[in-house]
Amino acid sequence: MAITPRDARYPFLAAARETVTETGVDLGTLVANDEPAVDRGRERVERALLAGRVDAETPDEWRLEDELLSYPIARILVSLLDSPAAVEKYAAAEAKTAIERLKDDLDTAGSELRSTPDASLDRATLIAELGLDGAITPEADTPQPAAAPEWFWIEVGTYLDLATGLGDDWRLVNRELSDGQVRVDREELFRLLRAAIRRRVAEGLPFEGLDKDEGIAAELEAELTELRRLLSERTTVGEIDFVARELFPPCIENLLQKAEDGIELEAIEQFTLMAFLTGIGMDADEIVAFCGESSLDPEGIRYQIEYLQADRGTQYPPPSCETLSTYGICHNEDDHWKVAGHPLAYYQHQLEATDDDLVDWREQAAVDDSE
Amino acid sequence: MDERTREYLRGRFADYYRAAETPLPPAANEREWGHIPWTPGSGTTMVRHQSQLDLGDIGEFLTRTAPRHVYFSAARYDDPGASTMGAKGWRGADLIFDLDADHLPRVDPAETSYKEMLAACKDALQRLLSFLEADFGFTGLRIVFSGGRGYHVHVRTDSIQSLDSDARGEIVDYVRGRDLDTDGLIRVASTGGATQRLLRTEGGWGRRVHDELRSLTTELRELPETDALDRLTSFDGIGEGRAETILGALAANPQAIERGNMEAGGPGIRLLADALADRVVDEHAAPIDEPVTTDTHRLIRLPGSLHGGSGLVVTPIDRENLDSFEPLVDAVPERFTTQDIAIEVEEPTEVALGGDTIKLNPGVHSVPESIAVFLMTRGDAAKAPA
Numbered sequence: 001m002a003i004t005p006r007d008a009r010y011p012f013l014a015a016a017r018e019t020v021t022e023t024g025v026d027l028g029t030l031v032a033n034d035e036p037a038v039d040r041g042r043e044r045v046e047r048a049l050l051a052g053r054v055d056a057e058t059p060d061e062w063r064l065e066d067e068l069l070s071y072p073i074a075r076i077l078v079s080l081l082d083s084p085a086a087v088e089k090y091a092a093a094e095a096k097t098a099i100e101r102l103k104d105d106l107d108t109a110g111s112e113l114r115s116t117p118d119a120s121l122d123r124a125t126l127i128a129e130l131g132l133d134g135a136i137t138p139e140a141d142t143p144q145p146a147a148a149p150e151w152f153w154i155e156v157g158t159y160l161d162l163a164t165g166l167g168d169d170w171r172l173v174n175r176e177l178s179d180g181q182v183r184v185d186r187e188e189l190f191r192l193l194r195a196a197i198r199r200r201v202a203e204g205l206p207f208e209g210l211d212k213d214e215g216i217a218a219e220l221e222a223e224l225t226e227l228r229r230l231l232s233e234r235t236t237v238g239e240i241d242f243v244a245r246e247l248f249p250p251c252i253e254n255l256l257q258k259a260e261d262g263i264e265l266e267a268i269e270q271f272t273l274m275a276f277l278t279g280i281g282m283d284a285d286e287i288v289a290f291c292g293e294s295s296l297d298p299e300g301i302r303y304q305i306e307y308l309q310a311d312r313g314t315q316y317p318p319p320s321c322e323t324l325s326t327y328g329i330c331h332n333e334d335d336h337w338k339v340a341g342h343p344l345a346y347y348q349h350q351l352e353a354t355d356d357d358l359v360d361w362r363e364q365a366a367v368d369d370s371e
Numbered sequence: 372m373d374e375r376t377r378e379y380l381r382g383r384f385a386d387y388y389r390a391a392e393t394p395l396p397p398a399a400n401e402r403e404w405g406h407i408p409w410t411p412g413s414g415t416t417m418v419r420h421q422s423q424l425d426l427g428d429i430g431e432f433l434t435r436t437a438p439r440h441v442y443f444s445a446a447r448y449d450d451p452g453a454s455t456m457g458a459k460g461w462r463g464a465d466l467i468f469d470l471d472a473d474h475l476p477r478v479d480p481a482e483t484s485y486k487e488m489l490a491a492c493k494d495a496l497q498r499l500l501s502f503l504e505a506d507f508g509f510t511g512l513r514i515v516f517s518g519g520r521g522y523h524v525h526v527r528t529d530s531i532q533s534l535d536s537d538a539r540g541e542i543v544d545y546v547r548g549r550d551l552d553t554d555g556l557i558r559v560a561s562t563g564g565a566t567q568r569l570l571r572t573e574g575g576w577g578r579r580v581h582d583e584l585r586s587l588t589t590e591l592r593e594l595p596e597t598d599a600l601d602r603l604t605s606f607d608g609i610g611e612g613r614a615e616t617i618l619g620a621l622a623a624n625p626q627a628i629e630r631g632n633m634e635a636g637g638p639g640i641r642l643l644a645d646a647l648a649d650r651v652v653d654e655h656a657a658p659i660d661e662p663v664t665t666d667t668h669r670l671i672r673l674p675g676s677l678h679g680g681s682g683l684v685v686t687p688i689d690r691e692n693l694d695s696f697e698p699l700v701d702a703v704p705e706r707f708t709t710q711d712i713a714i715e716v717e718e719p720t721e722v723a724l725g726g727d728t729i730k731l732n733p734g735v736h737s738v739p740e741s742i743a744v745f746l747m748t749r750g751d752a753a754k755a756p757a
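Chains as they are written, first to last, in the numbering used here: chain S, 1 to 371; chain G, 372 to 757.
Hints in this document: simulated from the structure, not taken from any laboratory. From a predicted model like this one, the values you see are computed outputs, not experimental measurements. All C-beta atoms, glycine included, are put in the ideal place defined by N, C-alpha and C. Some hints here could point you the wrong way.
Said to hold, decoys possible - If you want a taste of the chain G side facing chain S, the calculated C-beta under 7 Å gives, among others:
(1) L551
(2) D554
(3) R571
(4) G574
Claimed, not checked - A few chain S residues facing chain G, derived, Cβ under 7 Å:
(5) V156
(6) G157
(7) L160
(8) T164
(9) L166
(10) V173
(11) N174
(12) R175
(13) E176
(14) S178
(15) G180
(16) R186
(17) E187
(18) L256
Model the full assembly from the supplied sequences, consistent with the hints where possible.
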């Protein structure tokens, strides 16, 4: 069966999935041969994380086949990222792009003869595909019934399922509800369909049973490293409040040792170190004590901390490893970008991954003092 | 409660269950069951996390143990008998509404008789049903007198079974009119470049406000002009000038209000709509007990069972019989209407049940058994020695 432009543009539809099956392509082979679909799959996820959309930056570069097959590849990549936030972001991006395409299709269908009839999708088909058949009906009394209905009625259970949490305008109490149906306008319907697509895409993600060290996963290591780095740049780290120097990322440990060796730190180096120590929950007194035997002077530390702590950990987090590498501070020591591409994210990961009974340096220091 | 009273009640509850047919809810085997036995002391310990498998035949179980109170879960589970919610495997839940006479606005439980409280509660129930039927389009509602101070409504429609607690909270807010954005009831439509403010008349609270507005305008048209002006200026923010503008617009373009047009009549008409909205919320909202609806693991009284705090039947009510339903007559178990028994009261007591009102002074009295059971279950009387 030939791949249609529609399959490529709406790869989450059942028809597209069937086409993938019928092409007989083995994803493992695709990955092993590093086919273009793999690169496009990576771009799909990358764009989702960075730009909140999944369409190709250079659409002409890809064949229909690459476009279609990049979808299952992207799903594998997202699964291997092992991050609920990534799945969430990815599914939202797929949904956003799909709805934009649907709007284009509807505009084209309304205006003139379609140039590529097998490329576009109509609302009814999408609604049926999403299992919402019967739950959504155009308002009968629309001025131009054939063209674009202005109003739709959605079955209230479906409405609550899709709209709860979207914001005050979506609160049921403020809605026209009659005989079990909620009235929404055209734009609102698109918003709800987007929510339904997001859910459809997120279904079954992450895949169970993908072995991280074998087969496809191993072959995709390069793509995954890249994506993990992007992800950690974008992820705000949860509040950390624990000091365990042995788990510091290598670049931060280097800076500390440099200071302890009496070497004067450059401004960016000191900023990075202070931002990190603040980011893991230390206050000025603790940092002064922690860096007691170093080239850092207490006054300078206090001054910098005051400015950093204005909005701890959010406004002034330390730079990412990638940024640090441009300053020659981070050299991806021990390949640690593979764990996380951000000093705080790396540290949090290490904290979570450590089974040992760690003692917070601050508690240790308190014990030392009292003895 | 002394042992004699407790044993008597347990025995009579068992007699009731022996003769009664207590219909089970659908998928009874997927539900959690709970009951409170007749135990000494004032403490009530609920035995819950039981499945039908644990209890055996429910009818036999009720006859055998004659519990003081019986409940089942609104939810259905893979393993209803599991001891934690996580392990039960939630499959979905009926949507439950609870109206309790203790929580009605403008009803002071200390000043109001039981009968009057139940009547006020039935009014609130009618308001709730108006939302559930006209707005939500629910059919096959199970309406139940709780046997105590209120009414329950069970909704078993497929489309609500999987709703989570937040979504159910949206339904609660809707019927309570909570967080209603009265300004938002008017939307701005643009047609051919011009904008127009329109009341949302197609459903929801907007339609209720519209109905109110239409009946007001009908009323205004029938009044002499001076009376109509007085009527309008009684609303906050509407002075003589605005009242005249509104009346002028109603005369010039009577169809505008019908269509929900909020331009004709100037700003006054919108102030009027706003004032009506507050009133409509006040008069229409149904003060349901929120946690009962939003808790998707809730246990609810079994219809057909006896309420251990009144001895009344938790009574299912056919929709068409609701108007004529008299809880203090129709929920009295027939089983308890055939004999008089002796009870002892310590405080002067008045009770209205089964159509009779009886006043009792401290001492031993022989009274109809239903009244005796009612007073004993409430702790207002003790079984007198035979």
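Tell me the hint numbers this structure goes against, listed in increasing order. Going through the list in order, the structure violates hints 2, 9, 16, 17 and 18 and respects the others.
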